[in-house]
Amino acid sequence: MWGCALHPEQFYTLSFLGVFVVVGLLFALGPLILAYMLAPYRPGRTKNETYECGLEARGDSWIQFRVQYYVIALAFLIFDLEAVFLFPAAMVLRERFVEQSLSLGLLAAVEIVLFVAILAIGLVYAWAKKLLEWN
Amino acid sequence: MVGASELWQQMRYLMPEGLLLCAGLVILLFDLVVKKGRSLYPLAMLATAGAAALALLPLESSEPLFFGMIQSDAFARYFKVFSALAGFLVVLMSMDYKPLPARFVGEYLGILVLALAAIMLLAESTNLLMIFLSLEFLSLSSYILVGFLRNDKKSKEASLKYFLFGAMCTAVMLYGFALLYGASGSLDLPAIKAAFANRQNTPLTCLAMLFILAGFGFKVAMVPFHAWVPDAYEGAPTPITAFLSVGSKAGGFAVLLRVFFTVFPGLDYHPYWLAVVGVLAVFTMTVGNVIACSQDNLKRLLGYSSIAQAGYVLLGFVVMDGRFTQPAVMIYLLAYLFMNLGAFVVVIVIANTTGQEEIDDLAGLSERSPLLAWSMFIFLLSLAGVPPLGGWIGKYYIFATLVKGYLEGLSGGNLMLWFAVALAVNSVIAAYYYFRIVKAMFFEHARERMARPVVGGPLLTALYVSLILTFAVGLWPQPFLNWVSRMALPLL
Amino acid sequence: MYLLPILVFVPLLVAVLLLLAPRSTSPNLVRMVALVASGLIALWSLGLPLSGARVDYSIPWFSAWSWSVNFSLVADGLSTPLILLTTILNFNCVLYSVGVIRKSEPAYYFCLFLLEAGIVGTFLAGDLFVFYVFWEMMLIPLYFIIGIWGSEQRIYAAVKFFLFTLAGSIFMLLAIIVLYNQTGTFDVAALAALAPRLDPVTQKWLFWGFFVAFAIKVPLFPLHTWLPDAHTQAPTAGSIMLAGVLLKTGAYGILRFCIPFFPAAAAEAAGFINTLAVIAIIYGALLAFAQKDLKRLIAYSSVSHMGFVILGCFTWNVPAISGGIMQIINHGISTSGLFLCAGLIYDRTHTRQMKELGGLADPLGRLTGFFAIMMLSSAGLPFLNGFVGEFLVLLGSWKNSVWLTVFAATGVVLGAIYLLKMFQAGMLGKPAKSEYAKLRDIGLRESLALMLLVIPAFWIGIYPKPVLSVVEREAAKIEKTMSTALPSGTSMIEGRALWAVADERDVQD
Numbered sequence: 001m002w003g004c005a006l007h008p009e010q011f012y013t014l015s016f017l018g019v020f021v022v023v024g025l026l027f028a029l030g031p032l033i034l035a036y037m038l039a040p041y042r043p044g045r046t047k048n049e050t051y052e053c054g055l056e057a058r059g060d061s062w063i064q065f066r067v068q069y070y071v072i073a074l075a076f077l078i079f080d081l082e083a084v085f086l087f088p089a090a091m092v093l094r095e096r097f098v099e100q101s102l103s104l105g106l107l108a109a110v111e112i113v114l115f116v117a118i119l120a121i122g123l124v125y126a127w128a129k130k131l132l133e134w135n
Numbered sequence: 001m002v003g004a005s006e007l008w009q010q011m012r013y014l015m016p017e018g019l020l021l022c023a024g025l026v027i028l029l030f031d032l033v034v035k036k037g038r039s040l041y042p043l044a045m046l047a048t049a050g051a052a053a054l055a056l057l058p059l060e061s062s063e064p065l066f067f068g069m070i071q072s073d074a075f076a077r078y079f080k081v082f083s084a085l086a087g088f089l090v091v092l093m094s095m096d097y098k099p100l101p102a103r104f105v106g107e108y109l110g111i112l113v114l115a116l117a118a119i120m121l122l123a124e125s126t127n128l129l130m131i132f133l134s135l136e137f138l139s140l141s142s143y144i145l146v147g148f149l150r151n152d153k154k155s156k157e158a159s160l161k162y163f164l165f166g167a168m169c170t171a172v173m174l175y176g177f178a179l180l181y182g183a184s185g186s187l188d189l190p191a192i193k194a195a196f197a198n199r200q201n202t203p204l205t206c207l208a209m210l211f212i213l214a215g216f217g218f219k220v221a222m223v224p225f226h227a228w229v230p231d232a233y234e235g236a237p238t239p240i241t242a243f244l245s246v247g248s249k250a251g252g253f254a255v256l257l258r259v260f261f262t263v264f265p266g267l268d269y270h271p272y273w274l275a276v277v278g279v280l281a282v283f284t285m286t287v288g289n290v291i292a293c294s295q296d297n298l299k300r301l302l303g304y305s306s307i308a309q310a311g312y313v314l315l316g317f318v319v320m321d322g323r324f325t326q327p328a329v330m331i332y333l334l335a336y337l338f339m340n341l342g343a344f345v346v347v348i349v350i351a352n353t354t355g356q357e358e359i360d361d362l363a364g365l366s367e368r369s370p371l372l373a374w375s376m377f378i379f380l381l382s383l384a385g386v387p388p389l390g391g392w393i394g395k396y397y398i399f400a401t402l403v404k405g406y407l408e409g410l411s412g413g414n415l416m417l418w419f420a421v422a423l424a425v426n427s428v429i430a431a432y433y434y435f436r437i438v439k440a441m442f443f444e445h446a447r448e449r450m451a452r453p454v455v456g457g458p459l460l461t462a463l464y465v466s467l468i469l470t471f472a473v474g475l476w477p478q479p480f481l482n483w484v485s486r487m488a489l490p491l492l
Numbered sequence: 001m002y003l004l005p006i007l008v009f010v011p012l013l014v015a016v017l018l019l020l021a022p023r024s025t026s027p028n029l030v031r032m033v034a035l036v037a038s039g040l041i042a043l044w045s046l047g048l049p050l051s052g053a054r055v056d057y058s059i060p061w062f063s064a065w066s067w068s069v070n071f072s073l074v075a076d077g078l079s080t081p082l083i084l085l086t087t088i089l090n091f092n093c094v095l096y097s098v099g100v101i102r103k104s105e106p107a108y109y110f111c112l113f114l115l116e117a118g119i120v121g122t123f124l125a126g127d128l129f130v131f132y133v134f135w136e137m138m139l140i141p142l143y144f145i146i147g148i149w150g151s152e153q154r155i156y157a158a159v160k161f162f163l164f165t166l167a168g169s170i171f172m173l174l175a176i177i178v179l180y181n182q183t184g185t186f187d188v189a190a191l192a193a194l195a196p197r198l199d200p201v202t203q204k205w206l207f208w209g210f211f212v213a214f215a216i217k218v219p220l221f222p223l224h225t226w227l228p229d230a231h232t233q234a235p236t237a238g239s240i241m242l243a244g245v246l247l248k249t250g251a252y253g254i255l256r257f258c259i260p261f262f263p264a265a266a267a268e269a270a271g272f273i274n275t276l277a278v279i280a281i282i283y284g285a286l287l288a289f290a291q292k293d294l295k296r297l298i299a300y301s302s303v304s305h306m307g308f309v310i311l312g313c314f315t316w317n318v319p320a321i322s323g324g325i326m327q328i329i330n331h332g333i334s335t336s337g338l339f340l341c342a343g344l345i346y347d348r349t350h351t352r353q354m355k356e357l358g359g360l361a362d363p364l365g366r367l368t369g370f371f372a373i374m375m376l377s378s379a380g381l382p383f384l385n386g387f388v389g390e391f392l393v394l395l396g397s398w399k400n401s402v403w404l405t406v407f408a409a410t411g412v413v414l415g416a417i418y419l420l421k422m423f424q425a426g427m428l429g430k431p432a433k434s435e436y437a438k439l440r441d442i443g444l445r446e447s448l449a450l451m452l453l454v455i456p457a458f459w460i461g462i463y464p465k466p467v468l469s470v471v472e473r474e475a476a477k478i479e480k481t482m483s484t485a486l487p488s489g490t491s492m493i494e495g496r497a498l499w500a501v502a503d504e505r506d507v508q509d
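Residue numbers (the working numbering), protein chains in the order written: chain A, 1 to 135; chain B, 1 to 492; chain C, 1 to 509.
Do not rely on the hints blindly, as some may be mistaken.
[Stated by the list, open to error] Label pairs and their calculated CB-CB ranges: (1) A:Y69 to B:R12: 41 to 49 angstroms; (2) C:G39 to B:P101: 54 to 62 angstroms; (3) C:M32 to B:R323: 51 to 59 angstroms; (4) A:L86 to B:A53: 33 to 41 angstroms; (5) C:G39 to B:P224: 57 to 65 angstroms.
[As the list claims (entries may be wrong)] Simulated crosslink set (DSSO-like; lysine-lysine; CA at most 30 angstroms straight-line): (6) C:K103 to B:K439; (7) B:K439 to C:K160; (8) C:K465 to C:K430.
Simulated from the structure, these hints should not be mistaken for laboratory data.
C-beta: ideal position from N, C-alpha, C; glycine also.
I would like the entire structure built from these sequences, with the hints used as guidance.
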């Protein structure tokens, strides 16, 4: 159990963990420390703006958002995910058809269609429930 | 390379969950068309009953399916039947659950049916990724269902707490998966097992096991990952509470059994396993039972009781012996399914009558509705493990497993006997609070103007089914025992 | 062949029928059904071989993964008298209750019949698993009887009773499972041969696992605290069943399982247990002496009298053991009689406080007569049943330890004192209230119920041979087990009861 002394092999395994922790910390803190040491310190009004370009930020950011923002964002995710999954699928589909069997390619195509269909149901659902109307 | 026709052939093993997934989508679509949500109930009942029937078909494969993602063996089939059956009863219970807004019945049923499919997938996944996906599928559906009473503050709070807690536990579990992957170089459970064969127990694998236990422990409500249980149970719509306490928990135990039996079967892991799981199990049941004693809300009380019950089942895991652990856990879960769902049926009737779910609302139930009072009494007796009811058979086999482990000289044997003693002590504590409810029902008198509860058809059906099966598992356990031992995972 | 299962399942069936009876069923019908059914069951139980011959019945129940359970029932010389006692007392209870109980009657008789089924099953079980099922089954109905139909503090008493007994039995369950795994069987007869061969350490643990459960039920000092509450708060029928047979299941368990299965451990523990028994005898008697409540007094007298049972069972010679068994039966008769009388008094005066009673002999002549007989039988007056058991126990115990016997004998004297005091306070003297003069004496039904107890009390007191010969055969079996198990060099005492001297041959086989 825990009581057992560390076997050399176990020590070897654990040493990876140690190295991982040290390197990870260095990786995260190193640039910060470097920046602190090297960067010139010249604060100013413009410097303290939230965004350095674009519209000027006004008011407090701690306000209530309409919950509909999230709904719309979710609906957006439908398309977002679709694209993420469709792209690699499209890349290999041709390969499937040409290099492997026709049936396997068809199966893959059908699967993609099903995937899109299920996502579409989500969209239809949101639409029919009037979640996309901004009022 | 697996051919298309073969993949098509493999699809038939997924018929129950396929049916449920389709049904879930169809229900969601129908919800857009039909105006009355109630007409969707028959559809959901048909889907769950159909899934149960399909899962009962002897379609099993000992080969890994879908590129090793899934193994649809007898063990998985057991949990498919289990979850479809639980789903059917939960749908029945929902039909007469008043607080459920009629407008959203479609969404509710759709998500519920999808969650059932998630449990099925969880029970048959043999790949860490697939396990994670099904677990998240189940969790996300549950979060929504728990928060389904939108206008109820408690429900919203429950959902948020459940979500935050679940997210944390899942993250830890994912870390465990990553460590396991790092240690073995594969995500497939059989490959991980092969990688660990003849290798010593390293700190890395121990850490991975612990982290994974966090994720699964969250699902089965194991201490210290139980904190969400009381609030989520209290806030959730009661049928969903019942679902969480039975379906979701069974899913957790299924994946726990599969992962720990396929990946860590060697006795090499045994002492470590024994100490960690055994102590956690004892903590789980003690915490659950002791806190339950002071609860006045029925749902909270049953919530803590379900934590304690998870502790009993976990004790079955302490003996990592394939011959006994699995059947004991499986028969316990089966008995637990009926007795716990039955208890929740009564809670729903009470809530429908008085509008709340306190123990006081049960006062004098034996005068107002003897049927309900005696049924509740039977369910509580069974939960307390009094013979000759289902829960008693379950508890007996957990006991027997521990004693067997002790006598067969498995390492840490003495500890096992102490675990058995802890289980015995806990049974007495549990009897105390179960009998608090009995006391209210039989010994106290109804308050003035307490209406006589009316039980509608669906609830009555659910009540009778639970009641008959609670008795059946206890009085005539042979067919259930045979079934369970046939459905256990093959020994490694 | 179906003699035994009918004894268990008919009460169960009647119980379920009563529970399922529609609400509109007339109470008279319910009472009739209960009375007839319980009478028939009592008659049926007379079909058991009264010679104490062995009858058995067995069918497989379930088996899985190397655990198999048979539903087997066995009646022999030890269980037959106790079963008769159970069925007769049940009839007695129903007979009494039909005139008194008016609150949810179907449920009440359901509980009584379920209790009967549980107790009969406990005495009949020929398989440890079955034994445990019935053992737990008796808890539930009595819990309800106390909790629903009891007096003021009933809920507290019911919960205390339930938790105490459950705590004991759950450890017995653990012991049963360990025992099964060590020997591979639940069968009591087979275990009696196999279990004594286990190693001493295991035996010791298992012995205590069983013994604690039984000692709580008996109840043995210091585990007795649930008893006075349960007795005092229970309705009369509950007290009768509790004192009459429920406590006996504990003593029966000791004689049936603890001693034959683990003789070495029993021999080792005997000194300690006997000391506890003697403490129980004196302590119970002293506490009984101090009680103001009639039922509480009888309850403490039970603690004292059951001490004799334990003392007898753990003294390894035939007179003591047979005395112990006789005391089990006798206490069942006398104490239920006392509780029945106390109940009848309470029904009339609505008080259990002895200082609010008194002078009842005048209006309640017949009841006073029965009460006097029961009181004297409990006090161990010769020619009444109580004498036989206590005498044999003291006789056997004398050869074992003079000091224990002397102390135990003081219990008899104390018993006579507090019982007489109780009788005097309750029935003699001046009436505490003037309206007592108008009380109605017991009628035919109640007299019949009391006669059912008085007749065996006289019968066993005057001519105990038929019962004693059965009992002594059982005692001889236990003594034989012990004499083979005890280390050589321990001389076994050749003791014979006065009545048994002529029956040497009976004892030999």
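Hint check:
no.: 1; hint: A:Y69 to B:R12: 41 to 49 angstroms; result: holds, 44 angstroms
no.: 2; hint: C:G39 to B:P101: 54 to 62 angstroms; result: holds, 59 angstroms
no.: 3; hint: C:M32 to B:R323: 51 to 59 angstroms; result: holds, 54 angstroms
no.: 4; hint: A:L86 to B:A53: 33 to 41 angstroms; result: holds, 36 angstroms
no.: 5; hint: C:G39 to B:P224: 57 to 65 angstroms; result: holds, 60 angstroms
no.: 6; hint: C:K103 to B:K439; result: holds, 17 angstroms
no.: 7; hint: B:K439 to C:K160; result: holds, 12 angstroms
no.: 8; hint: C:K465 to C:K430; result: violated, 42 angstroms
Of the numbered hints listed earlier, the single one contradicted by the structure is hint 8.
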